[in-house]
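**Q** Whenever a hint applies, use it, and build me the whole structure from the sequences.
These protein sequences, in sequence, are chains A and B.
Position 185 (the first sequence) corresponds to 184 in numbering that gives the first Met the number 0; numbering is contiguous.
Position 96 (the second sequence) corresponds to 95 in numbering that gives the first Met the number 0; numbering is contiguous.
Keep in mind the hints are simulated off the structure, nothing from the lab.
No residue lacks a Cβ here, since even glycine has one placed at the ideal position from N, Cα and C.
Keep in mind that a hint or two might mislead.
So the derived label-pair ranges between C-beta atoms look like this [as the list claims (entries may be wrong)]: (1) B:Ser53 - A:Lys160: 53 to 59 Å; (2) B:Glu50 - A:Asn156: 42 to 48 Å; (3) A:Asn179 - B:Ser381: 52 to 58 Å; (4) B:Thr182 - A:Ser155: 30 to 36 Å; (5) B:Ser142 - A:Lys160: 36 to 42 Å; (6) B:Glu275 - A:Thr109: 53 to 59 Å; (7) A:Asn209 - B:Ser381: 44 to 50 Å; (8) B:Lys277 - A:Asn54: 50 to 56 Å; (9) A:Ser155 - B:Glu50: 27 to 33 Å; (10) A:Thr109 - B:Gly305: 32 to 38 Å; (11) B:Ala378 - A:Ser155: 51 to 57 Å; (12) A:Glu264 - B:Thr173: 29 to 35 Å; (13) A:Asn209 - B:Ala378: 25 to 31 Å.
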Amino acid sequence: MLELRPILSALWRHKVSALLIALQLGLTLAIVSNALVVISERTERISRPTGVAENEIVTFNFMAIPKDYDMYDAFRQDLDMIRALPGVASATISNHVPLSGSGSASGFYTEPNKETGAMGSNYYTVDEHFVDALGMKLIAGRGFYPEEIMQIDPSSNDRPKVSVVTQKFADDLFPESDGNVLGKSFFLGGDDHPIEIVGIVERNLGPWPNSSIAGRGAFYPAITDRWFYYIVRAEPGQRDEVLKLVEEKLAERDGNRVINANTMEEEKAQYFAGDNTMIKVLSGVIVLLTFIVALGIVGLTVFWITQRQKQIGVRRALGATRTAISRYFLLENLMIAATGIALGTAAAQIFNGFLVREFDQPALPVSVTVFCALGLLAVSLAAALVPALRAANISPAMATRSV
Amino acid sequence: MFGYYVSLALRSLRRTPVLSALMVAAIAVGVGAAMTTLTLNYMMSRNALAEKDSVLYAVQLDGWDPHEAADNPSEMPWQLTYQDSVNLLRSDIPSKQVAMHRWGGPISLENSDVRPFNADSRVTSRDFFALFDVPFLFGGTWSEEADQSPIHQLVLTSETNDKLFGGENSVGRTVNFNGVPFTVVGVTEHWQPSPKVHDLNNGHFNKSAEVFLPFGLHRAFEIYPWGNTNGWKSEEITSYEDRLNSDMVWLQYWVQLDSPKQVEAYRDFLTGYIREQKEQGRFPRPLKIGLSKPSEWLLLNEVVDGDDRMLNWLSLAFLLVCLVNAVALLLAKFLRKAPEAGVRRALGASRNAVFSQHLVESACVGLLGGLAGILLTLAGLSLIRQLQMGYMDRVASMDWTMMLAAIGLAVLSSLLAGFYPAWRISRTNPSIYLKTQ
Numbered sequence: 000m001l002e003l004r005p006i007l008s009a010l011w012r013h014k015v016s017a018l019l020i021a022l023q024l025g026l027t028l029a030i031v032s033n034a035l036v037v038i039s040e041r042t043e044r045i046s047r048p049t050g051v052a053e054n055e056i057v058t059f060n061f062m063a064i065p066k067d068y069d070m071y072d073a074f075r076q077d078l079d080m081i082r083a084l085p086g087v088a089s090a091t092i093s094n095h096v097p098l099s100g101s102g103s104a105s106g107f108y109t110e111p112n113k114e115t116g117a118m119g120s121n122y123y124t125v126d127e128h129f130v131d132a133l134g135m136k137l138i139a140g141r142g143f144y145p146e147e148i149m150q151i152d153p154s155s156n157d158r159p160k161v162s163v164v165t166q167k168f169a170d171d172l173f174p175e176s177d178g179n180v181l182g183k184s185f186f187l188g189g190d191d192h193p194i195e196i197v198g199i200v201e202r203n204l205g206p207w208p209n210s211s212i213a214g215r216g217a218f219y220p221a222i223t224d225r226w227f228y229y230i231v232r233a234e235p236g237q238r239d240e241v242l243k244l245v246e247e248k249l250a251e252r253d254g255n256r257v258i259n260a261n262t263m264e265e266e267k268a269q270y271f272a273g274d275n276t277m278i279k280v281l282s283g284v285i286v287l288l289t290f291i292v293a294l295g296i297v298g299l300t301v302f303w304i305t306q307r308q309k310q311i312g313v314r315r316a317l318g319a320t321r322t323a324i325s326r327y328f329l330l331e332n333l334m335i336a337a338t339g340i341a342l343g344t345a346a347a348q349i350f351n352g353f354l355v356r357e358f359d360q361p362a363l364p365v366s367v368t369v370f371c372a373l374g375l376l377a378v379s380l381a382a383a384l385v386p387a388l389r390a391a392n393i394s395p396a397m398a399t400r401s402v
Numbered sequence: 000m001f002g003y004y005v006s007l008a009l010r011s012l013r014r015t016p017v018l019s020a021l022m023v024a025a026i027a028v029g030v031g032a033a034m035t036t037l038t039l040n041y042m043m044s045r046n047a048l049a050e051k052d053s054v055l056y057a058v059q060l061d062g063w064d065p066h067e068a069a070d071n072p073s074e075m076p077w078q079l080t081y082q083d084s085v086n087l088l089r090s091d092i093p094s095k096q097v098a099m100h101r102w103g104g105p106i107s108l109e110n111s112d113v114r115p116f117n118a119d120s121r122v123t124s125r126d127f128f129a130l131f132d133v134p135f136l137f138g139g140t141w142s143e144e145a146d147q148s149p150i151h152q153l154v155l156t157s158e159t160n161d162k163l164f165g166g167e168n169s170v171g172r173t174v175n176f177n178g179v180p181f182t183v184v185g186v187t188e189h190w191q192p193s194p195k196v197h198d199l200n201n202g203h204f205n206k207s208a209e210v211f212l213p214f215g216l217h218r219a220f221e222i223y224p225w226g227n228t229n230g231w232k233s234e235e236i237t238s239y240e241d242r243l244n245s246d247m248v249w250l251q252y253w254v255q256l257d258s259p260k261q262v263e264a265y266r267d268f269l270t271g272y273i274r275e276q277k278e279q280g281r282f283p284r285p286l287k288i289g290l291s292k293p294s295e296w297l298l299l300n301e302v303v304d305g306d307d308r309m310l311n312w313l314s315l316a317f318l319l320v321c322l323v324n325a326v327a328l329l330l331a332k333f334l335r336k337a338p339e340a341g342v343r344r345a346l347g348a349s350r351n352a353v354f355s356q357h358l359v360e361s362a363c364v365g366l367l368g369g370l371a372g373i374l375l376t377l378a379g380l381s382l383i384r385q386l387q388m389g390y391m392d393r394v395a396s397m398d399w400t401m402m403l404a405a406i407g408l409a410v411l412s413s414l415l416a417g418f419y420p421a422w423r424i425s426r427t428n429p430s431i432y433l434k435t436q
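**A** Structure, rendered in structure tokens:
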């Protein structure tokens, strides 16, 4: 039934060509399966929940042209004006913008006067509207009261008395307290000034989502005039209008400054541009490679069929059905592909070992290799299908002609 | 004979257009993928200071936390503190030296239609231009005094000068920077090293400064740098003066040392300086200094990062698959023409002649694939530029060297690919084919 022996002996006569195709399939499997793990890791990074309303937020920053400019007065007036604008859901002022790639971080301690063993975390200075303006979820305690907001000169040692932290910050700094950290205090190192935790927000990835401290965050009730951004959350669907409107109104209120406006979506996209490039490039590699290999298989199958036209004719003349002819070439292809995949599974593991060791990439699970192997097998058979069907059309009369 | 082989090759390629197109496409795609990443890596690892590589050094001092080294491959902070920078500037050992950092602010012209804009600037000591070989279009650097005390002078880049003054000689004119009038003392020619080796903070391939300002302005403007500021201990800081005297690092420091003797002397000077500071309770770590040439500095800072190197390997593996593919297709194509080769052999052509003929044919495929590969590389690079959202514009572009390399790679790989098929066909026994003919 299965004409394995003749296939094997025919393949043996073309061992180099067959081996080349198998080699191609193997290398492709090694590359594709590794590319796929990297892609899925990067995709996960980008699509992780950020904890903030990233698609509804616009941010503004300005530089005053005159030298002695009353920044704090400008903040007050600008924010009052922004909050009254149509389409604006909420607005706050912060020293940094989450997901932007620019931020502040510091070491945190559970005891006073410590110098070593700090837990690193991002921190923000914000006003009382921050939870709502960032679209975060307060899961315990409270936000800030307006009277708690301090003005902090960066050249001063002023320290806040209270703080709102992220769940992850709480869990990592007080691992044994089971999330129950309201009322506990932390310290900034080298002093005995306690900062009491009054609230917990569910999540905030921080300015550097790919860093090891991502997710830890402390918010202080403070405003500083050296680094600041207005963070404005628009009503759903009105972000772009709000961006334009606020930019216009800021310039109108005081023309003596240069204004920068940005959407958080854009900042996030810029932060992840490298990961996004990897995803796109590797996807391209997968598609192109599969295509190239398929072309190679088509080319070679066509060639073998032309070469064996006479033999096919003889077989048909001796009573072989069309199906039998097609099946022959498909089986032949299957055997080559199986060899290639066996080679490729080993190559994929070796290649992955190299990537893990040298480039700190994720390990390759067996399931991914199997998935890619089945995919390649399907591609290989599909590529051989058209030539194999065409071979079935070779007329028995070919047997009588000489080529 | 070579010309004849080429015409034979072209005729043979035209006879099997589909198979030929497949081979050219395989080589083109492989070369395109490989050249895209090779070009990126080549452009990223360029050293804008290569001409002065033997005399310039980036200076590092290890004044970090006694409990743990700075968290980077050099295990020393990348930057220096303000107080150390000021102290080092007093040394007369280096031929030239700069302490500098990034800053910025709004720039505007009195009575002008030019809209005020935020200018990225570099606060630096006056040797900057001479040390990094930045040529001047007009004027020159500021006075020595301007590095000590607040004198309102600045240098514009030609791009900024075009924007503000339409490209005229603006030396002596006044511009407002951060709300204060400054006198223009010089205009530099276009200078845009990429990667910007002189300051690798905040993105390796970003634009360089648009305005240069003297080093004496810190106290007058209470300058907070736009680059990175890092610290390792909690310090009591209640004034700007405290900040300047703190152990926070935020300045880049470069020196020019023209002879090995000078390098030796400067090393001794730095060692002595740290010893001296240790006596005052600073520099708690074991004594360590870093003097890195620009080429070493680029490597140390991992300008070509893991992802880039991984893509490099991947694209070479990709090219390998394409090559194997080309070998298989060439083999098929040549074997199909075996009767023809048999006739040639029977008529007296040597095995070598048959071999060269087919190798020439492979090279033709390679040449065509290389040309198509360049187009694919250009497309690949423009895709990268788009995906990187402006970060890589200066890096993702192809120069003549890389175009020639693309063709070279294509021809080389097709010769490699053609070697076995051509050898195989030159070994065929002519008699078989003569019989069936």
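**Q** Confirm or reject each hint.
**A** Now for the hints, and whether the structure bears them out:
Range check, Ser53 (chain B) to Lys160 (chain A): Cβ separation about 57 Å, and the 53 to 59 Å hint holds. Between Glu50 (chain B) and Asn156 (chain A) the beta carbons are some 47 Å apart, a value that agrees with the proposed interval 42 to 48 Å. At roughly 54 Å, the beta-carbon separation of Asn179 (chain A) and Ser381 (chain B) lies within the given 52 to 58 Å, and the hint holds. A hinted range of 30 to 36 Å for the beta carbons of Thr182 (chain B) and Ser155 (chain A) is consistent with their spacing of about 34 Å.
Evaluation of the 36 to 42 Å hint for Ser142 (chain B) and Lys160 (chain A) yields a failure: the beta carbon distance comes to about 49 Å. Remark: the range hint 53 to 59 Å for Glu275 (chain B) to Thr109 (chain A) is contradicted by a beta-carbon distance near 38 Å. Separated by about 26 Å at the C-beta atoms, Asn209 (chain A) and Ser381 (chain B) break the suggested range of 44 to 50 Å. Between Lys277 (chain B) and Asn54 (chain A) the beta carbon distance is about 53 Å. The supplied range of 50 to 56 Å therefore holds.
Between Ser155 (chain A) and Glu50 (chain B) the beta carbons are some 46 Å apart, a value that contradicts the proposed interval 27 to 33 Å. Distance hint for Thr109 (chain A) and Gly305 (chain B): a CB-CB separation of about 35 Å, consistent with the stated range 32 to 38 Å. Between Ala378 (chain B) and Ser155 (chain A) the CB atoms are about 54 Å apart, so this pair conforms to the stated range of 51 to 57 Å. Glu264 (chain A) and Thr173 (chain B) have their C-beta atoms about 41 Å apart, which leaves the hinted 29 to 35 Å range violated.
Checking the proposed 25 to 31 Å range against Asn209 (chain A) and Ala378 (chain B) shows it holds: the Cβ atoms sit about 29 Å from each other.
Figure legend: structure checked against the earlier numbered hints; hints not met, in rising order: 5, 6, 7, 9, 12.
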